[in-house]
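Participant: Could you slot chain F onto chain G? The hints should help.
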Amino acid sequence: DTEVTQTPKHLVMGMTNKKSLKCEQHMGHRAMYWYKQKAKKPPELMFVYSYEKLSINESVPSRFSPECPNSSLLNLHLHALQPEDSALYLCASSHPLSSNEQFFGPGTRLTVL
Amino acid sequence: GQQVMQIPQYQHVQEGEDFTTYCNSSTTLSNIQWYKQRPGGHPVFLIQLVKSGEVKKQKRLTFQFGEAKKNSSLHITATQTTDVGTYFCAGQYNFNKFYFGSGTKLNVKP
Chain G
6 DTEVTQTPKH LVMGMTNKKS LKCEQHMGHR AMYWYKQKAK KPPELMFVYS YEKLSINESV
66 PSRFSPECPN SSLLNLHLHA LQPEDSALYL CASSHPLSSN EQFFGPGTRL TVL
Chain F
203 GQQVMQIPQY QHVQEGEDFT TYCNSSTTLS NIQWYKQRPG GHPVFLIQLV KSGEVKKQKR
263 LTFQFGEAKK NSSLHITATQ TTDVGTYFCA GQYNFNKFYF GSGTKLNVKP
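Chains as they are written, first to last, in the working numbering: chain G, 6 to 118; chain F, 203 to 312.
This is chain G alone, in the form it adopts within the complex:
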């Protein structure tokens, strides 16, 4: 299994809603990432978990809250988002002790109304 899965594929939420994005991989990777990608822009690193511990937070607003319940799962909890947070949210994983190749999931297309 060389796949990273993400749910949901699409999400529309209001500014007062609370929602969560989910990411799963079964490749035994111990580094997992959240990226945000706006249209026609490159992916922007948000968070990195290494061995289930948050190792990098790129000064992301607190309305985004990551969680890594175990080595296969990564969540991104969303609360009180703004319309400018609308974007494609990509999850990726890698094995930091081998090739470091990042495997990306298909992403969640988020629209904040």
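Looking from chain G toward chain F, a few residues come up when the C-beta cut is under 7 Å (computed): (1) Pro-47; (2) Val-53; (3) Ile-61.
List of simulated lysine-lysine pairs, DSS-like, C-alpha gap at most 27 Å: (4) F:Lys-311 x G:Lys-45; (5) G:Lys-45 x F:Lys-307; (6) G:Lys-27 x F:Lys-238; (7) G:Lys-14 x F:Lys-238.
Since the hints were derived computationally from the structure, they do not count as laboratory data.
Glycine residues also receive a C-beta, built at the ideal position from the N, C-alpha and C atoms.
Facilitator: Just chain F now, with coordinates in the frame of chain G:
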């Protein structure tokens, strides 16, 4: 902060022509990765370069890493319509921290 610059932003070529995209960092990179993202898709890993002056080939694709580990290039020989997409470099400065270049969108006319 760290930044990876990438040029050109767009490239339109006739099928069979060559294509090159360039990445440049103001500071020394630990390594650099290259990704391809098709329209509507997600980034797909192409290759990682680690050593100073490294050159790697994958069929029609040639990847280079500069001697100072601050720049890199991707060259495609004799483009095909299947090469269409956006090519990103991603520079690694610290453990697990990657900064993507702005990308080069390649369009190939048949």
